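Number of protein chains: 2
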Amino acid sequence: MTETKPLRRLGAVIYDNFELLDLFGPLEMFGNVVPEIKIITVAEQPGPIPSVQGPKTIAEFGFSDCPGLDLILLPGGLGTLKQLKNPAMLGFLKDRASSAEVIMSVCSGTALLAKAGLLDGRRATSNKQFFNLAANQSERVKWVAEARWVEDGPLVTSSGVSAGLDMALAVIARLFGRERAESIANRAEYVWQDDPDRDPFHKFLNRGGI
Amino acid sequence: MTETKPLRRLGAVIYDNFELLDLFGPLEMFGNVVPEIKIITVAEQPGPIPSVQGPKTIAEFGFSDCPGLDLILLPGGLGTLKQLKNPAMLGFLKDRASSAEVIMSVCSGTALLAKAGLLDGRRATSNKQFFNLAANQSERVKWVAEARWVEDGPLVTSSGVSAGLDMALAVIARLFGRERAESIANRAEYVWQDDPDRDPFHKFLNRGGI
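Those protein sequence lines, which keep their order, are chains W and X.
All residue numbers for the first sequence refer to my numbering, where the first residue is 74 and numbers rise by one.
All residue numbers for the second sequence refer to my numbering, where the first residue is 74 and numbers rise by one.
Accuracy of the hints is not assured; some may be wrong.
Which copy is meant is left open, because identical chains are indistinguishable; a pair holds if it fits in one copy or across any two.
What the hints assert, rightly or not - Restricting the straight-line Cα-Cα distance to at most 30 Å, the calculated cross-link-like pairs of lysine-lysine (DSSO-like) are:
no., residue 1, residue 2
1, K167, K276
2, K276, K129
3, K129, K215
4, K215, K111
5, K276, K155
6, K155, K129
7, K215, K158
8, K215, K155
9, K167, K215
10, K129, K167
For the record, the hints were derived by calculation from the structure and aren't laboratory data.
These numbers come from a predicted model, not from an experiment.
All chains, please: the whole structure from these sequences, using the hints.
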């Protein structure tokens, strides 16, 4: 008899002008949790989605035909500003978060989770350069300005861009054990900064307007 | 009068089953050298190119219609094995390297540069897990097993996966100054490990066969 491991489907939710490393840092780590995690990409409409830096990634699914998601990853990027006014995006996040095991955001992606009301009553963080883009979306969130990432139940939010790498490994450790996370970090020759409270970039915190 | 800064075109050369972070770690950094660097993606044929981890990236150009390249970035990944036997890939690299200012590889991408003969007589490194995949391609390369990355004139090779981030910042520092590289690392909230000789993963060096 062969043992069937439960497969978790991770939906990477993308949109025009997402930040490359916000998305692909975490996907590098989750994509090597084989065979327990299967990554799919989803956007409002399927097709090529341009990043801030230029390269386009294919969204395999649209919001209307996206299968069930166990894990959700939401990158940030300049395109966040437009998505904050997009009811289709906010509705999709709200709808899918209710049945997901873990909902993650990187950088300004946190602003979208806050706007969708998913962080109300929870602790959360965002990137240092435009912290208030997230913080201004809801006063009911316990904003943590000094953190590499913050875990509060199913909601996990990270600081800017490369912090998503450290957060992803923490979520892998939660789901599959610390040894597995370390093995994946070593394979990627990545020095995992595994302390969520250590934030080397807090000194750049800017709470001005955007 | 307005001053026109020279624009450098960076060609990211991709192929089926490239490793996500090998490509998008460096592109995060180079993509924020605005407006001096413009990123384009190129593969043997244009169209969607799947990564090892699943997500597909669009190659905008094929080898036959790719414009001139100032900078070349070559990721690694499982697909390297097939590309080592692909004369179109090896020919493209050889052809384009002769007119490029900097040619970079990440992880097993180094094996392709070695196979194309581009590293002969030079110092170079590759990832720790399958070091000999690169080393076996040419005896005329001065292989450096303990290095985060190695710069030898226009040829810059890095160790596994996430080492590409550190290498990219070093190349940005070479072209645009150290201050610029630091500013880009800070924006991405990335702790730049800026010593090419410090290799925390050398302890995992495996020189066995693949």
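Given a CA cutoff of 30 Å, do K129 and K215 count as a within-copy pair, a between-copy pair, both, or neither? neither (35 Å within a copy, 37 Å between copies)
How would you classify K129 and K167 at a CA-CA limit of 30 Å: within, between, both, or neither? both (26 Å within a copy, 26 Å between copies)
For K215 vs K111, is the C-alpha pair at or below 30 Å within one copy, between two copies, both, or neither? Answer is neither; intra-copy 32 Å and inter-copy 40 Å both fail.
Quick one: K276 to K155, C-alpha cut-off 30 Å, is that within a copy, between copies, both, or neither? within (28 Å within a copy, 46 Å between copies)
Is it within a copy, between copies, both, or neither that the alpha carbon of K215 lies no farther than 30 Å from that of K155? within (24 Å within a copy, 50 Å between copies)
Checking K215 and K158: alpha-carbon separation at most 30 Å within a copy, between copies, both or neither? within (23 Å within a copy, 55 Å between copies)
Is it within, between, both, or neither for K155 and K129, if the alpha carbons may be no more than 30 Å apart? Answer is both; intra-copy 18 Å and inter-copy 24 Å each pass.
Please sort K167 with K215 into within, between, both or neither, judging by C-alpha distance up to 30 Å. within (19 Å within a copy, 55 Å between copies)
How would you label the pair K167, K276 (within, between, both, or neither) given a Cα cut-off of 30 Å? neither (33 Å within a copy, 45 Å between copies)
Intra/inter-copy verdict for K276 and K129 if alpha-carbon distance must be at most 30 Å: This pair counts as neither: shortest intra-copy Cα distance 33 Å, inter-copy 36 Å.
The structure shown violates the earlier hints numbered 1, 2, 3, 4.
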